[in-house]
Structures are given as structure tokens and as C-alpha cells.
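Engineer: Protein chains in written order, with numbering that gives the first Met the number 0: chain A, 0 to 205; chain B, 0 to 205; chain C, 0 to 205.
Wrong hints could be hidden among the right ones.
In silico lysine-lysine, BS3-like type, Cα no more than 25 Å apart, as pairs [as the list claims (entries may be wrong)]:
1) 45/C to 120/C
2) 120/C to 177/C
3) 177/A to 177/B
4) 203/A to 203/B
5) 177/B to 46/B
6) 203/A to 203/C
7) 45/B to 177/B
8) 203/C to 203/B
9) 177/C to 177/A
10) 177/B to 177/C
Hints in this document: simulated from the structure, not taken from any laboratory.
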Amino acid sequence: MRLRLKPRDDRFFDLFSVAGTNIATATSLLREFVTVPTEERGELAKKMRAAEHAGDDATHAIVEQLDRSFITPFDREDIYRLAIRLDDVVDYMDAAVDLTTLYNPEALPDNVRLQVEVLDKCAKLTADAMPRLATLRNLTDFWVQINELENEADQIYRRLLQFLFNGSHDPLTVMKLKEIVDQLEFAADAFEHVADVVHSIAVKES
Amino acid sequence: MRLRLKPRDDRFFDLFSVAGTNIATATSLLREFVTVPTEERGELAKKMRAAEHAGDDATHAIVEQLDRSFITPFDREDIYRLAIRLDDVVDYMDAAVDLTTLYNPEALPDNVRLQVEVLDKCAKLTADAMPRLATLRNLTDFWVQINELENEADQIYRRLLQFLFNGSHDPLTVMKLKEIVDQLEFAADAFEHVADVVHSIAVKES
Amino acid sequence: MRLRLKPRDDRFFDLFSVAGTNIATATSLLREFVTVPTEERGELAKKMRAAEHAGDDATHAIVEQLDRSFITPFDREDIYRLAIRLDDVVDYMDAAVDLTTLYNPEALPDNVRLQVEVLDKCAKLTADAMPRLATLRNLTDFWVQINELENEADQIYRRLLQFLFNGSHDPLTVMKLKEIVDQLEFAADAFEHVADVVHSIAVKES
Chain A
0 MRLRLKPRDD RFFDLFSVAG TNIATATSLL REFVTVPTEE RGELAKKMRA AEHAGDDATH
60 AIVEQLDRSF ITPFDREDIY RLAIRLDDVV DYMDAAVDLT TLYNPEALPD NVRLQVEVLD
120 KCAKLTADAM PRLATLRNLT DFWVQINELE NEADQIYRRL LQFLFNGSHD PLTVMKLKEI
180 VDQLEFAADA FEHVADVVHS IAVKES
Chain B
0 MRLRLKPRDD RFFDLFSVAG TNIATATSLL REFVTVPTEE RGELAKKMRA AEHAGDDATH
60 AIVEQLDRSF ITPFDREDIY RLAIRLDDVV DYMDAAVDLT TLYNPEALPD NVRLQVEVLD
120 KCAKLTADAM PRLATLRNLT DFWVQINELE NEADQIYRRL LQFLFNGSHD PLTVMKLKEI
180 VDQLEFAADA FEHVADVVHS IAVKES
Chain C
0 MRLRLKPRDD RFFDLFSVAG TNIATATSLL REFVTVPTEE RGELAKKMRA AEHAGDDATH
60 AIVEQLDRSF ITPFDREDIY RLAIRLDDVV DYMDAAVDLT TLYNPEALPD NVRLQVEVLD
120 KCAKLTADAM PRLATLRNLT DFWVQINELE NEADQIYRRL LQFLFNGSHD PLTVMKLKEI
180 VDQLEFAADA FEHVADVVHS IAVKES
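Using the sequences plus the hints, can you model the full thing?
Structural biologist: Shown next as C-alpha cells:
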């Protein structure tokens, strides 16, 4: 246990909480997006794009705060890395929505909803965890559960590939649906990378 | 040459050696897996899953040791990062085996064996290198050779794609086989990332 | 603003400038490659391979300089990471060229030229930015513009996928062209990773 020489700077924790809340908002939009009829997708895609911009704004606010801060609660590069990793999550969800809008498939495979359920659990855990960065306490459950959810996402993803490749779809449809499903899998991986950075900060600062 | 103020903690090197040995075990299973008749794949897939769990256990043991250690032989985040990168290698090999079990192709392309030969060489070099982390000496050959093998893996992979795309397979078969071959290529990349972390530690600590 | 205790070591900045200039050279070759008739591709592919080797040499020179240097202008691992990230850019461009040579498609989709135009802008910004590492001043425009260009590259890439998947190409042709287009998208991502490392260094050292 090292002495904590760095004072708390609550603004960083507030900004990370904003980024976490925005991820939860984006995931709610995604949940709705994969269930609504085709003609309602456009409206939700616009909202998702707004969430993606809000994510960019949150990242920029964190980096600007870094520029203004003489001392920081964690190492500067870790704050930077966590901001970038949080941003990645929304980028992948927005990419999934954008590609669905572009390809406009009549229906997404049923199991896409299972993928999104896992992302929703990850988003809630992440939004809940951000305020606990202030003390770095009670975070073990966060990374353990995110890792379990990411394993679950892997299994759902592989079964989705098996479904896509079962011979009942034409190859171009398979390729399009796979692009969408891939982005959702990348979003699950991105949650794991967020958890890894948080874990790495906890390991370093504890 | 900086003064070494950090004492050795042999437990970390023992744990990294366990992770390295587990990678070599997993790669041996993979070698067998890509040569046996289809009906023997199931048994080997179970053993691979066990190796994947053993990899997780090795990673957890390293992170728990970090939590218990007041001082560490390298920077804490580098120990954490190396543990994660070693884990990735087995995850990709397990994914290749899992997808092969799911899709159950009658035969894998011949050159998959060449991919696996390269992974086997990488695994042996990695298992051999882990104990040398204790002194950070005689590691140059490790990352130079891993980089050369990764280049070789790239070439084999691109020729495999050329073979898959030569028009003698139907598109869905190509997509399935490509998913498997991709995971093996990711495993080769993962060995390079391990070597990069080791190189980065050596550069920092020397 | 922390006191700068580390002296400048101009050799690092010279070597990063060499790597940056090499990226600009490789991108010029790529621009030519995607416009020439099929029979002229071979000659340019050889030159690209030479640029890829020159990139490797630049990386090695930076790492050797690290080994020889007692004190460094930035943290050692950041110098190492930046060298690796710069190398990645040329590797992806070389991979795109190599796969095009292997598959030998009669024509690349028109929008590949748009992808390459964006890479060309990224390369010029990167080559221009490297000498400014010496002072870490006037770099904000670099990462802001690279991020904007990477967003532009994403949009071009998604429209390219839409074109490839529009039903006017057979699936194997789509898969081959997608492999090539993917490598160019990875190159755009790699420029963003370079900018992220530079930004991270600026955040840490400022």
C-alpha cells in the first residue's frame, strides 16, 4: 500500500461518470434499435449519432481537464487511455447502427438481441463503476463480471456465426449481417478493454 | 544503465513460466487437433478448453500476486499487461478450435498445418523466454525471432486466403474456413504482442 | 507545467522524422499503385516492399538508440510505442499492395482512391508533425485533423462495403476486394493510433 500523494480531483470522476452514463444511454438506444420495425430505425440512428457525438464531447472534456490540471488522481496517460477506451464502446455501437441503416436488412438474426442484452449489462456495470474510481474500492466485481459477460458475448457471437453460415442465407446477406454482428462483438471487447484499464489503474495505484 | 532498486520477486517469474508452459501445452494440443480425423476433434477440444481455463488461472494468479506485493520486479502495469497478452494467445487458439468444432468442416486446408507449425515455434520460444525475465538478459533473440515468425505467419496466412478464394470452394465454406484461419493469424499476432511487451519492459528497465 | 528535467536528444527526433518521411513515401507509392494499369503493379509492389523494409530499419534504429541512451526526451516505453505504431502504418499499406498482387483483380473499386487520398493527407500531417515532437508544441492540430480524417475514412469505408455488397459482384470477388479495402481501413486506424500516442505523450509531458 503506497501512500497516496495525489489529491482527489473530483472533476475527473464527474467527467468519467458522464461518459459512463452516455454509454448506458447509447446501449438503451441500441436495445430499442434492434427490436423496432425497419421504418423506425432512422429516428433511432439519429439519436445514436447524437450519443456518439456526446461521447466525443465527454472524451474531449476529460483531455482538456488533463491539460488544465497540474496534478491528477491517476497517471495522466491512464486517464487519457480510459477516456479513449470509453469512447470506443459507443463508436462500435454507432457503427453497428450505421451499417444496419446502410444495408437495411429486413430482419436482424434473433440472437442479435442476446448480444445487445449482454452489452446492456456491461453498460450498466460500467456506468455504475465510474463513480467508484474516486476511491478505487469495490471495483473487483466490475472487472470480474465484465470478463464473464465478454465470455458470454463470445459464445453468443460464435453461435450467431454458426447460424449465419448454416446455408439458409445467400452469401452477400451473410456478409452484411456479419459486418453488423462483428461491430457488436467489438463493442463487447471494448467493454473488456475498459475493464482492463480500470483494473490496471487499480493494480498500479493500490 | 539505471541502478536496480527493485528486488527480485521470484514468484512473478515462476508464474510467468507457468503461463509460458501452458501456452506450449495448448499449442501441442492445437498441432494434434489439426491433424486428427474429424471424430477425434471433440476430445482435443475439451483439453484445449482446459488449457484455456489454466491460462485464465495463471493470469489471475499473477494479478493476485500483484495485489499482495509491495514492490514488484517491473512496473506493475507492465506485469499486468504481460499477463493479459499471454492469456490472449491461448484464447485465440481455443477460439480456432471452438469454431472448428462448431462448423465441423471435413478437412482444414493443408496450409493450416504450416500456420500451426509457426505457432508451435513461437510457443517454444515464449516458454523458453519467460524464465529469462528474471535477469532481462539474452532476450533479444526472443523478440527478433518472434517478429520473423510473425512475418512468416503473415505470408502463410495470405497464401491461405489466396487458396480459399481460388474459386474451388463455395462462399459459405470459404467464410467458415476463413474464420478459423483468422483466429490462428490472431494467435500469431498475439505472440508478437507478447514479444513487444517483453521488449518494452527490457527497454524501460535496462 | 512540470519542470523539464530531461535534456533533448535530437537523434530521436531525427529518427522519428525519418520514419514519418518513409510513411509519406509509402503513401505516394500506394497512390500510384491504385491508379496504374494492372501490368505496372508489380514494379510498384517491389518499391512498397522496400518502403516496408525501410520502415523496419527506422524502427530498429529508434530501439537501438533507446538501448544506447542513458536519458531520453520522453518515457522510454512511449518512444518504443510510437516507433511500433509508425511501423504499423506502412505494414498495413504493404499488406494491401501484397493482397492486390496476390488476387490480381482487374479493377479496384473507384472509392479505393478516396480511401488512399485520406491516407495521403494523414501521411503528410504525420511527416510534418514528427519534427515538432522536439518541442511538443503546435501538435493539437495534428491529432484533431487525424481524428477527423479517420472519421472520414470510416465513412468512405462503409460506403465501399455498401458498394461491394450491392449484388453486382460475385461473393468471392467481394471477399477478395474486402480484404484489400480492410487493410486500407486498418492503415487509417493506425494513423489514429499514432496520433493517440503523440497526444498521450503531450498530455504526460506537458
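Engineer: It remains to establish, for every hint, whether it holds in the given structure.
Structural biologist: Each hint, compared with the structure:
no.: 1; hint: 45/C to 120/C; verdict: holds (23 Å)
no.: 2; hint: 120/C to 177/C; verdict: holds (22 Å)
no.: 3; hint: 177/A to 177/B; verdict: holds (13 Å)
no.: 4; hint: 203/A to 203/B; verdict: holds (16 Å)
no.: 5; hint: 177/B to 46/B; verdict: holds (23 Å)
no.: 6; hint: 203/A to 203/C; verdict: holds (16 Å)
no.: 7; hint: 45/B to 177/B; verdict: holds (22 Å)
no.: 8; hint: 203/C to 203/B; verdict: holds (16 Å)
no.: 9; hint: 177/C to 177/A; verdict: holds (13 Å)
no.: 10; hint: 177/B to 177/C; verdict: holds (13 Å)
This entry satisfies every hint, going by the numbered hints stated previously.
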